[in-house]
Structures are given as structure tokens and as C-alpha cells.
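**Q** Sequence:
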Amino acid sequence: MRSSTTIRSVVSRALPIFFSGRLMAVVFVPLIGAAIAWVAIAALSWQPLVHWLATSVFDWSGKGAEFLGILTAAMALLLAAVATALVAISILAMPVIVNLVAAREFPSLERRKGGTFSGSVINALSATAMFVALWLLALPLLVFPPAYVVANLLINANLNRRMLPYDALAEHADRDELDRVRRESRKRLFLLGLTLAPLSLVPVVNFFASLFAGVAFTILCLDELAKLRAVNRQQAPQ
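Numbering-wise, the sequence shown is residues 417 to 654 according to the working numbering.
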């Protein structure tokens, strides 16, 4: 049986890599640009979006229409920003993150290159599609806002679990290992996503939270891969 690395340990190991100069230089500039773009989009669309939601979608709720419109608009913009950041990180940042994590934490881990660019794109699109579907299914929970917030935390955790592990493992795992680590570690991957999910609800911070999630998921995935290979070596015939 493989020993488990704690989620707290993964988060603490991710911090120095997240604040490294190289990661900031390569990744932070496009993320800052994306954050500024979404702030501008939110500023320009806020009033029309809230008005439309209150008068067209939630007009049945009477006095609560404006509140439901504000809450829905806020969550929609926040979650759209999170999804945008994760897709950008998956495509642009994960190769840098994987190299930084591997050099610091797993320098001897063999690279078997089981992932592909097309696989990464398909994975990102499918994860985003599921994210949108789950978010739409959660909309009725707006009648009880605390449940809606909890649902969105779970949805964000699931998005992280589905999107990031493929890119974290693509360079080092072979195809069988890539599938096996994601399958056998799915509960721990979801728990890590849930631990980081509250940061996704903070405007602007959510962009950088997505980057931190990329680092943390890479550490956890490569750690699980290294342990899987160690177990396989022990079980191999002498």
C-alpha cells in the first residue's frame, strides 16, 4: 500500500514554488492581464446583467429578484473567471509548473511522456463543459444562498480535479500510469481541490488561486506517481 502525503504537506510544499521568480516572470504577466480584462468586463456588464436577471429570470420572486440577480451575476462572473484562468493555466502555465516542480521535488522521476497536446485540449474542454453543466444545475439553489455557495465550492473542486491532473502527469507518466493515478487518487485530488476552492470566490485572487492550484496538483500527482512506481518495483519479480 502506498503511504499518503497529507494535503497540508502538499500546500506547504507548493508555496515556495508558487512565489518563485521564474514562475512569476513567465506566468503572472498573462494572468494579470486576464484579471484586468475580467475586472473590465465585470464593470461594463454588471448593471445590465443584474437588471436582466432581476426582470427576466427572477421576476417571479418579487422583492427578492434584485438580490437573486446580484448573487447570480456575481457567481457567474467569478466562476467564468475561474474557468478562464484554469484553461489558460492548463495550456500556458502547466509546462512551466511541471518543470519547476520536477526540478525541485522529483529530479530523478523518469519522464515517459504519456500525455499529448490533443489530450490536454480534450480534457480541458470536457472539464469546462461539465463545469458549465453543473453550474446550471445548481442555479435552483439560489432560493437558499448558503446551499448555492456550497454547491459552487464543490463544482470548483471538481473542475480542478478533472482539469489539472492530466497536465500535471502528461510529461512524466505513461498512458497507463496517467489513467491509474487519476483513478486511484481521485478522492485525494478532490479533497485538494475542495481545500483550495474558497479562494476561487475572491475576485482577482481567483486567478492566482488557479495558478497555485496548478502547482499543488502537480506536486500531489507526481508524488502519487513516484509512489506508484516504487510499489511496482517492489512487486516486480526478482
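Think of the hints as simulated: they come from the structure by calculation, not from any bench.
Among the hints, a few may not be true.
Now the in silico label distances, taken between C-beta atoms and shown as ranges [said to hold, decoys possible]: (1) 448 / 483: 28 to 38 angstroms; (2) 647 / 456: 46 to 56 angstroms; (3) 596 / 459: 20 to 30 angstroms.
Where is the CB? At the ideal position from N, CA and C, for every residue including glycine.
**Q** Next step is simple, just say for each hint if it's right about the structure.
**A** Hints and how they fare:
no., hint, in the structure
1, 448 / 483: 28 to 38 angstroms, "32 angstroms, holds"
2, 647 / 456: 46 to 56 angstroms, "50 angstroms, holds"
3, 596 / 459: 20 to 30 angstroms, "46 angstroms, violated"
Checked against the numbered hints above, the structure violates only hint 3.
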